[in-house]
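Got chain W sorted already, so can you dock chains D and E onto it with the hints?
If you're matching them up, the sequences are chains W, D and E in order.
Residue 186 in the working numbering sits at position 186 of the first sequence, with consecutive numbering throughout.
Residue 70 in the working numbering sits at position 70 of the second sequence, with consecutive numbering throughout.
Residue 299 in the working numbering sits at position 299 of the third sequence, with consecutive numbering throughout.
Keep in mind that a hint or two might mislead.
Given that identical chains are not distinguished, each listed pair holds provided it fits within a single copy or across any two copies.
[Stated by the list, open to error] Pairs of lysine-lysine, DSS-like flavour, derived with a Cα cap of 25 Å:
(1) K27 x K155
(2) K260 x K155
(3) K232 x K86
(4) K203 x K243
(5) K86 x K243
(6) K249 x K232
Quick caveat, the hints were computed from the structure, so don't treat them as lab data.
Since the model is a prediction, treat every value here as computed from it, not as a measurement.
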Amino acid sequence: MTLKGRDIINIGDLELDEIELILDISKEMLPVARGEKRSRTLDGKVLASLFFEASTRTRLSFETAMHRLGGNVITITGQEGSSLIKGETLADTIRMADAYSDIIALRHPREGAARMSATFSSAPVINGGDGAGQHPTQTLLDLFTIREELGDIGKQNVTIVGDLRYGRTVHSLSLALGRMGATMTFVAPDMIQMPDHIISDLKGMGAKVKRTTDLKAEIPASDVIYMTRIQKERFAEEEEYRKVAGAYKLQVRMLDDAKKHMMIMHPLPRVDEIHPEIDSTRHAKYFAQAFNGVPVRMALLKLILEGE
Amino acid sequence: MTLKGRDIINIGDLELDEIELILDISKEMLPVARGEKRSRTLDGKVLASLFFEASTRTRLSFETAMHRLGGNVITITGQEGSSLIKGETLADTIRMADAYSDIIALRHPREGAARMSATFSSAPVINGGDGAGQHPTQTLLDLFTIREELGDIGKQNVTIVGDLRYGRTVHSLSLALGRMGATMTFVAPDMIQMPDHIISDLKGMGAKVKRTTDLKAEIPASDVIYMTRIQKERFAEEEEYRKVAGAYKLQVRMLDDAKKHMMIMHPLPRVDEIHPEIDSTRHAKYFAQAFNGVPVRMALLKLILEGE
Amino acid sequence: MTLKGRDIINIGDLELDEIELILDISKEMLPVARGEKRSRTLDGKVLASLFFEASTRTRLSFETAMHRLGGNVITITGQEGSSLIKGETLADTIRMADAYSDIIALRHPREGAARMSATFSSAPVINGGDGAGQHPTQTLLDLFTIREELGDIGKQNVTIVGDLRYGRTVHSLSLALGRMGATMTFVAPDMIQMPDHIISDLKGMGAKVKRTTDLKAEIPASDVIYMTRIQKERFAEEEEYRKVAGAYKLQVRMLDDAKKHMMIMHPLPRVDEIHPEIDSTRHAKYFAQAFNGVPVRMALLKLILEGE
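The shape of chain W in the complex, shown without the other chains (with noise of 0.2 Å):
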C-alpha cells in the first residue's frame, strides 16, 4: 500500500487502511509538529499553496507541515488568488502550479475544482476545501484527534450539532465515522438538519445513527461532541435564526452530567457556538484538534511524496 503520488480530493477515495496508515503516520510526526525534533524529509521539495479563498487555519497548517518537514513554499492568496480566477482558466492557472511546484494544496470557491485541477496536474493535488463540497484533510485531522485522545473510533458515540443540511464537510466526517463503526447523534432543528441520503448511506454501512433537536439530552451520553456553526444565511428572518442559533450553544452549566473524558470539537472558527468559559475545560479538545492540522498534513506531504 502506498499513498505515493496520489490525489486527495475526496475523503471517500481514501480506503480504511489507507485512512489509519495516514492516522499511524500522523502520530509520528508528533514530536517534528511540535517542533521538538528536526527533520529534513523534504528537503528541496516545493508546496504550492494556492488558496483562492481564504482559510488561514487550513493554509498556515500546510504550510507549517512542509517547513515542519524542510521543505519550501510557494503562496497564493487573496487579491491576487481573485484576479487569477478572473483572468485565465484554472486549467492554466494549475499547470503553471504544477510546473512550479511538487505538490499543490488548493483550496477553491467552486465545488469540484480540486477534482478538476488533479486532472491538469501532474504534481499530486490535496484538497484544502472547494466550495461546498469535500475537504478531506479537514476530516482526516478531526479523525486523528477522536483517536489520539480517546483510542478507538468505532467505540464512540459522537454527536454531531449545527448546519448538518448545508455543511458538506460534515457528511464527508459522518461518512468516515460510518466506516470505522462509530455511533452517532445528529443534532440539529429539522430544517437544516442531516438529509436522509446522508442517513441512508450510514445505515447501509451498519452505522448506529439518530436524529434529534435536543442538544442537551444528548450531552450525557456522548463521548465526542463535535460542533459547527449555523449560518445565518440559511434563515429568511433574522428572528428565527436567533432563536435556533440560541438553542445550540454550548455553555459551562449544561456539561455537568457529561462523561469525564467527553471533548467537545469544533473546526474553528467558532462565533459563539461554544462560550469561552468552557476552553479552560477538560472537554474543550478543539484547540488541540487545530493542532493536529499539522501533523496530519505532514503525513499526508511525506506519504504523497515519498512514500512510505
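Okay, now just chains D and E, sitting in the frame of chain W:
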C-alpha cells in the same frame, strides 16, 4: 566573463556570449528545477520578491527558483505593494529591500522603475517587468525554450503574432532573436504592427524580417509561432476589436500544413488566442515555456550571486 | 540571565542588563545579517509573522532575521488579516498561530493587543507595534544604531523632533535613553510637545531634559537628531499643519554647524521631514538604522528561542 553582482534591467545590456552563458547554465539547472536533484548553493541567501503589480507566473517562478537553490524569499504583493507606491518614494522602498536581502526581483507598473531602482540598491536588481518597458527574464526564457526544443536559434523562422506595436516585450524578444540571426515574420493588423524603428534596427543587424496581416499563410513556413494577446483597450470600437482579434486566434484545423516540429509559444496568461484543443498537440510548447521560467531564473540567481 | 521563552511586549519590561545583552548579541549577528556568514541555529523553527496592519519594514526585517538564522516563516498580511480581525476573537487567532509556530511576531492596530495575545499563547510573543502603544523592537534597534555609531549611549545628547505628544514609540525611546543616562532635547511646537508625565518620569530617573520649539538652535550641540513624522490628522486647520510641519524639516544648509559625528535618525517611512539631499551626507544614518532591524530581531529570535 562573469555576471556576478550585475543588474539585469534590459536584455540589450547583455552581450551575446553572456546570453549564451545564461542559457547554458539554465540547461544545467533543469534537474534541480524539476525537483529531481537537490542544490543548496544559495543556502542562507535572501531574495526580495517585490511585486508592486500582479504577475503571478513571474513571481512564483522567481520564488521557486530561489527555493530550489536552497535560498530564502521575502515577498511584497498586492495591497501592501500599492500602499508602498503611494506612501514613500521608490528609492526609499528599494533601500529597505536592499538592506534586508541579497538580490531583488522587481515588478513595477512604471516604465523605467527597474533602472532607477538599481541606482539606489547595492544588491543586484533583476527587472521582472516594468510597465510597458523591459522584461528581460521573459526574453531569456523564450530564447531558452526555442533552443531546448529546436537547437540553433539562428536557424529558425519565428512568426510573431498579435499586438506588436505596444507590446514592448515583443520588441525586446525580436531584437534578441535578430542578434542571434533568426528570421522573423510579424503578423498583425496594420494599426498594431511592429513599428518602423524596430524593423530598421533589425534590418541594420542583417536580420531577415517581414510584416504581414495573414496568419494562415505563414503557418507552413514557421518553425516557431509566438502568440500574444491583443488588448481590447487598444481599440476605439468594440466591434473593430472583435473583428481583429478573431483573425489572430489559433485553431487546431489551421495547423494541418504546419511543420512537424513547429512549436507554438505564448507568454501566458492567454485569453482565447490559442484554442485549448491545441494544448494536446505536439505543437503546444507554452506550458514548457512557462516551466522554463524556473531554470532560467535559477541560472540568473546563481550567476549573479555566485559568479560562475 | 536568560530571555528564553520571554514575551517582548514593552521595552519597560526589560532590565537594563537585558537590553545590553540584546545589543551585544545584535552586534555578533552583524555578519550573518549581511549575508556574509551563514547560521542554521534556528533550523526547523517556525516564526508566525502576523501583520494585522501593514508595516513593511518591520515585517520584512523579522522575516529576513528568521531566514538568516535558518528558520522558516508563515505570514498573515492585508485582507486576510483584516478578515481575521472581523471574523474571530484575537484570542482564537493567536491560539491558532501558537499551534503552528514556535514564536509569534505581532503587529496589530489595537493598543494592548500584544500583551493580551501573550496571555493566550504558549509560544513567546514579540510586539511588532500595537496601535499607538509600544514598539519595543524599534526602540532596541534605535539604541543599537546609536551605540554602533557613537559608542556609549549615556554620553550622547539626543535631540528628538516632531510629534512628541501622540507618538508613543518616541515616549518608549525617551524612557530607555533616560535609563541609560542620555541627555535629551525635545523639539516640537507646543501643541504636540512631549507630555509632562514623561518629562517628570525622565527627571525622576535623573535624566537631563529640556523642551524647545527651535530646531535650528539645537543642531550644533546634538550628537543625534531623531526625526519623526508630524501627522496632518493632528491639526484642525490644514494651514496650521503646513506652517508647523515646515518648521521641522531638515535641509542640508541647516547642518553647517553640526558636529562632525552628528547622526540623523528616522524610523521611516519619511514623507518630507528629511530632504533627500541629506541622504548622501555623513550625517544620514536612517538607512543603516533600518538595516539594524535585522541583527536586532535576529538577536531577539535567538535569545528567546535558544537562550544564550
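To see whether the hints hold, each was checked on the structure:
For a Cα distance limit of 25 Å, the shortest separation of K27 from K155 inside one copy, 20 Å, qualifies, whereas the shortest one across copies, 58 Å, does not. Taking the shortest Cα distances, K260 and K155 sit within 25 Å of each other inside one copy (16 Å), while across copies they are farther apart (64 Å). For a Cα distance limit of 25 Å, the shortest separation of K232 from K86 across copies, 16 Å, qualifies, whereas the shortest one inside one copy, 28 Å, does not. In the homo-oligomer, the alpha carbons of K203 and K243 never lie at most 25 Å apart, since the shortest distance is 31 Å inside one protomer and 60 Å across protomers.
Proximity of K86 to K243 under the C-alpha cut-off of 25 Å is restricted to the inter-copy arrangement: shortest distance 23 Å between copies versus 39 Å within a copy. In this assembly of identical chains, K249 and K232 lie within 25 Å of each other by CA distance solely inside one copy; the values are 14 Å within and 47 Å between copies.
The structure shown violates just one earlier hint, number 4.
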